[in-house]
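Trainee: Sequence positions in the sequence shown follow the numbering used here and run 1 to 289.
Derived by calculation from the structure, the hints in this document are not laboratory data. Any given hint might turn out to be false.
Restraint ranges, calculated between C-beta atoms of paired labels, are given here [what the hints assert, rightly or not]: (1) Thr-151 - Ala-26: 41 to 49 angstroms; (2) Gln-104 - Leu-226: 38 to 46 angstroms; (3) Asp-16 - Arg-206: 45 to 53 angstroms; (4) Leu-27 - Gly-153: 41 to 49 angstroms; (5) Lys-103 - Thr-151: 34 to 42 angstroms; (6) Asp-16 - Arg-202: 30 to 38 angstroms; (7) Arg-202 - Glu-105: 25 to 33 angstroms; (8) Asp-270 - Glu-105: 20 to 28 angstroms; (9) Ala-140 - Leu-226: 28 to 36 angstroms; (10) Glu-235 - Glu-198: 44 to 52 angstroms; (11) Ala-26 - Ser-176: 44 to 52 angstroms; (12) Met-45 - Ala-218: 26 to 34 angstroms; (13) Arg-202 - Glu-235: 44 to 52 angstroms.
Source: prediction; values computed, not measured. Think of the CB as a built atom: it goes at the ideal place given N, C-alpha and C, for glycine as much as any other residue.
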Amino acid sequence: ALLQAMYPSTAPNTMDACKTYMWIVALSFPANAIYNAGAALYRVMGKTGVTMKVSLAANIVNVIGNAVGIFVFHAGAAGVAWPTTISWYAAAMVMTWLCLRKKQEVRIERKHLFRLRAAMAKRILGVAIPNSIENTLFQAAKVVLGMLVATFGTSQIAANTTGQTFWSLAACMGTSMSTVFVTVIGQCIGAGDEDAAEWYMRKLMRLSVVLAILWNAAVMVLTPLLLPLYDLSPETKRLILIIVAIHNLFSATVQPFAMPLSSGLRAAGDVKFTMWASIFCTVICRTLL
Numbered sequence: 001a002l003l004q005a006m007y008p009s010t011a012p013n014t015m016d017a018c019k020t021y022m023w024i025v026a027l028s029f030p031a032n033a034i035y036n037a038g039a040a041l042y043r044v045m046g047k048t049g050v051t052m053k054v055s056l057a058a059n060i061v062n063v064i065g066n067a068v069g070i071f072v073f074h075a076g077a078a079g080v081a082w083p084t085t086i087s088w089y090a091a092a093m094v095m096t097w098l099c100l101r102k103k104q105e106v107r108i109e110r111k112h113l114f115r116l117r118a119a120m121a122k123r124i125l126g127v128a129i130p131n132s133i134e135n136t137l138f139q140a141a142k143v144v145l146g147m148l149v150a151t152f153g154t155s156q157i158a159a160n161t162t163g164q165t166f167w168s169l170a171a172c173m174g175t176s177m178s179t180v181f182v183t184v185i186g187q188c189i190g191a192g193d194e195d196a197a198e199w200y201m202r203k204l205m206r207l208s209v210v211l212a213i214l215w216n217a218a219v220m221v222l223t224p225l226l227l228p229l230y231d232l233s234p235e236t237k238r239l240i241l242i243i244v245a246i247h248n249l250f251s252a253t254v255q256p257f258a259m260p261l262s263s264g265l266r267a268a269g270d271v272k273f274t275m276w277a278s279i280f281c282t283v284i285c286r287t288l289l
């Protein structure tokens with residue numbers, strides 16, 4: 001229903017492919033949740049190299065599977081969707097096995113796997129519910145924006161779609177530093193050392209700004225070099241350069257105070273402020289404007 005509402009003028013065969021992809025990939029959501037829970041445990045312990053290797057292996061499985069599904073079996077959307085789903089389940093199984101190992105500082109014990117402790121569940125939900133509201137609104141805003149983009153001309157739609165590839169690449173630095181904030185600030189708060197948490201928050205913020213400026217400048221330089229790889233009209237490529245430049249300007253100067261800083265506040269347990277700030281920015285700045 002959302003796909004039909006967002007893209008009412010899409011050709012029937014394209015819409016059928018979208019639905020096929022969505023139904024298959026939806027099967028991967030439980031595995032996605034299990035993998036991310038396990039990866040979060042390892043990041044809290046500071047063992048991000050483990051999560052990197054598991055993610056790398058899963059992505060290799062996904063890419064090889066996509067190539068086989070498209071070029072060998074000619075399965076279309078299903079040929080892309082099934083490898084994605086399989087790679088998530090593979091990553092979830094590996095991550096679960098790692099979390100069950102007894103030598104880890106933080107681990108899952110089989111005897112407590114299905115045990116519900118009300119007090120702990122309440123503490124977890126106190127962090128999880130505001131965070132989930134924030135993420136849900138962000139995704140809802142993307143749906144609304146998708147409906148608005150669908151009213152544009154062909155060049156604008158193509159520029160927006162392709163531009164998102166470069167935006168995702170430009171946002172990598174902020175996403176990566178967010179993980180660092182969660183790990184470092186979380187460990188400080190867990191140790192009861194609020195002074196260290198504040199010191200690291202300031203230090204990591206300065207580092208985030210510097211790295212974001214350097215990374216977004218590099219992505220901007222690479223964009224004109226990568227655009228010839230896309231089969232797009234000159235007008236579409238011109239629009240891509242404009243929107244990537246606008247995005248990267250704010251991604252370099254503003255995003256460090258959004259994603260990484262908010263991750264640090266969440267790690268310290270301050271989830272309500274980040275939720276209300278995100279709601280305001282999502283509803284007023286992102287959607288209405």
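Trainee: Does each hint fit the structure? Answer for all of them.
Mentor: Hints and how they fare:
Between Thr-151 and Ala-26 the CB atoms are about 27 angstroms apart, so this pair departs from the stated range of 41 to 49 angstroms. Remark: the range hint 38 to 46 angstroms for Gln-104 to Leu-226 is upheld by a beta-carbon distance near 40 angstroms. Checked against the hint of 45 to 53 angstroms, the C-beta distance between Asp-16 and Arg-206 comes to roughly 50 angstroms, which is consistent with it. The beta-carbon spacing between Leu-27 and Gly-153, approximately 36 angstroms, falls outside the hinted interval of 41 to 49 angstroms.
A hinted range of 34 to 42 angstroms is violated for the C-beta pair Lys-103 and Thr-151, which are about 56 angstroms apart. About 52 angstroms separates the C-beta atoms of Asp-16 and Arg-202, a value inconsistent with the hinted range of 30 to 38 angstroms. Here the CB-CB span from Arg-202 to Glu-105 is close to 27 angstroms, well matched to the stated 25 to 33 angstroms. Distance hint check for Asp-270 and Glu-105: the Cβ-Cβ separation is about 25 angstroms, which falls inside the suggested range of 20 to 28 angstroms.
Remark: the range hint 28 to 36 angstroms for Ala-140 to Leu-226 is upheld by a beta-carbon distance near 31 angstroms. Distance hint for Glu-235 and Glu-198: a CB-CB separation of about 50 angstroms, consistent with the stated range 44 to 52 angstroms. Taken as a hint, the range 44 to 52 angstroms is violated for the pair Ala-26 and Ser-176, whose Cβ atoms sit roughly 28 angstroms apart. The given range of 26 to 34 angstroms is respected by Met-45 and Ala-218, whose C-beta atoms sit roughly 31 angstroms from each other.
Distance hint check for Arg-202 and Glu-235: the Cβ-Cβ separation is about 45 angstroms, which falls inside the suggested range of 44 to 52 angstroms.
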